[in-house]
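There are 2 protein chains.
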Amino acid sequence: MSVASSRTANPVSDVTFAAWSRERQQRIESVLERVLPAGAGPAARLAAAMRYATLGGGKRVRPLLAYAASEVTGADAARVDAGAAALELIHAYSLIHDDLPCMDDDSLRRGKPTCHVAFDVATALLAGDALQSLAFCVLAQSPDAAAADACRLLADAAGVLGMAGGQQVDLDATGVATDEASLTRLHSMKTGALIRAAVQLGARCGRPLAADETRALDAFATAAGLAFQVVDDVLDVEGSAATLGKTAGKDAAQHKATFVSLLGVDGAKARARSLRDEAHTALDRFGGAAVRLRELADWIVLRTR
Amino acid sequence: MSVASSRTANPVSDVTFAAWSRERQQRIESVLERVLPAGAGPAARLAAAMRYATLGGGKRVRPLLAYAASEVTGADAARVDAGAAALELIHAYSLIHDDLPCMDDDSLRRGKPTCHVAFDVATALLAGDALQSLAFCVLAQSPDAAAADACRLLADAAGVLGMAGGQQVDLDATGVATDEASLTRLHSMKTGALIRAAVQLGARCGRPLAADETRALDAFATAAGLAFQVVDDVLDVEGSAATLGKTAGKDAAQHKATFVSLLGVDGAKARARSLRDEAHTALDRFGGAAVRLRELADWIVLRTR
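Residue numbers (my numbering), protein chains in the order written: chain A, 87 to 391; chain B, 87 to 391.
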């Protein structure tokens, strides 16, 4: 399918970003509702913990990026649902494990008690584990080569060279002096890898991409992902638990290096804006088909939670 | 490929079970060695923990079952390697998480300190998480429909309806009166699901199976998997940490219902033998092609660790 025909099928300019993102957030909520186990069955408590930690909250940034990227290649949203859900399931699992007492020991997430507080630590551990399994189960539902390829991409992004590895680098770096290059490397693994996977998984659902188009989308995702983290650091200082839905001021309390501790608040905000510009520039070649990705980069920088 | 040609290619009767299993154990060790991350790289500590918990130990029961099942359908061992490694990676992750302080809080595994004792709890948590990701990464390496299908099968077996769900049922059941039917159901999820996946993943590497052949192999795996757990319960009572490589007497200390607490030692041993017979009967139709599966069922019941 050509970009032109996708733009005919999706007259994006007729719908505001707010309406589009709300529609997609509702869409992913109903996909997640469907793929998560019902609260019944032998492991009912586990199913309940998985649903608790995944449904009814969250900005759904990764699914939104996947849907937005799929518009670049003219894919129907229905083709993106499995990948979008898998991304959010991986993200939800990582939040549960990240909040555990042996990690950040946090009690507030998405405006409600963390999973191990609402249930118990063992159940929360298993809920994270089972959400990771479920992500690959959902992604592998269609038995074809593209599904296998998507599984490999997501597994790479979640694993030792991506998100989990980034968590470890973060643990190792806590309380240790660092510089901006090291911090950037850390976040390119911890949050960047999954955000890049989101863009690639979405884009792959439509027309095939040329190698330089893939690289351009990856440059967009790299910049947008880092901007997301820089803004997170600013919000950790400027935000409140009420607006963030999670504990504020956590980084300073844990003596973690952040973009704010390295650049100051104003420096970090300027960095976020320049990353947004980089993200936009990477999309130049795609014209109007990339409008949602551009709007997402704006929203990532302007958000207040 | 027909069963007959597989028997020509694999003259199994010329090699003893001991030699065959040793060769396959060495084979899976070298596959795991290759797919696990090197100890270098940004998350070196995480990679080291993943290697520590996976290499140089374990009976490799699930890989052995996969290789043995693949002989039924005449597959080359090389076609089974990815599935066998993925199974063992999932198993290794589950052992790490199962040993954590919030779960069984165990300090000895495979004859050495558990991962969280040798490293730390946060690193062990992440090592388990990253091993699960790696399993799907390895399984999805070949971008084809069979790989996607294998990912779905493994993810189902590892998730809320399988291994992780069984762990939760086990948590919920601790200290609660139970009967043999409930205990059997628990173990059909906790250990049975992955053992059944091992047999199916192996068998799928060769000639296509008829539906009733698939069912027969599943009946074998169900019986062999349960026998494995019954013998585990006997060894927990009769074995020592020195031979088991893990803490003995754990179930009684944790007030867990076991096949020994329900049936007595002699009753549990008799149950294991009758399950072995069931497993053998399920293989009747496969003749000599199933010799390794039959020998594995024998070994599962006769093992001392």
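Wrong hints could be hidden among the right ones.
For identical chains, the list gives no copy identity; a pair is met inside one copy or between any two copies.
To be verified - As a list, the in silico SDA-like pairs of lysine to any residue whose alpha-carbon atoms are at most 25 angstroms apart:
#1 Lys198 / Thr102
#2 Lys198 / Cys188
#3 Lys198 / Leu349
#4 Lys145 / Arg293
#5 Lys342 / Gly142
#6 Lys342 / Gly374
#7 Lys336 / Asp206
#8 Lys342 / Val101
#9 Lys336 / Thr102
#10 Lys355 / Gly335
#11 Lys198 / Ala208
#12 Lys336 / Ala208
#13 Lys342 / Arg131
#14 Lys198 / Ala259
#15 Lys145 / Ala204
These aren't lab readings, by the way, just hints derived from the structure by calculation.
> Okay, which hints does this one fail, numbers in order?
Replying inline: The structure breaks hints 1, 3, 4, 5, 6, 8, 9, 14; every other hint is satisfied.
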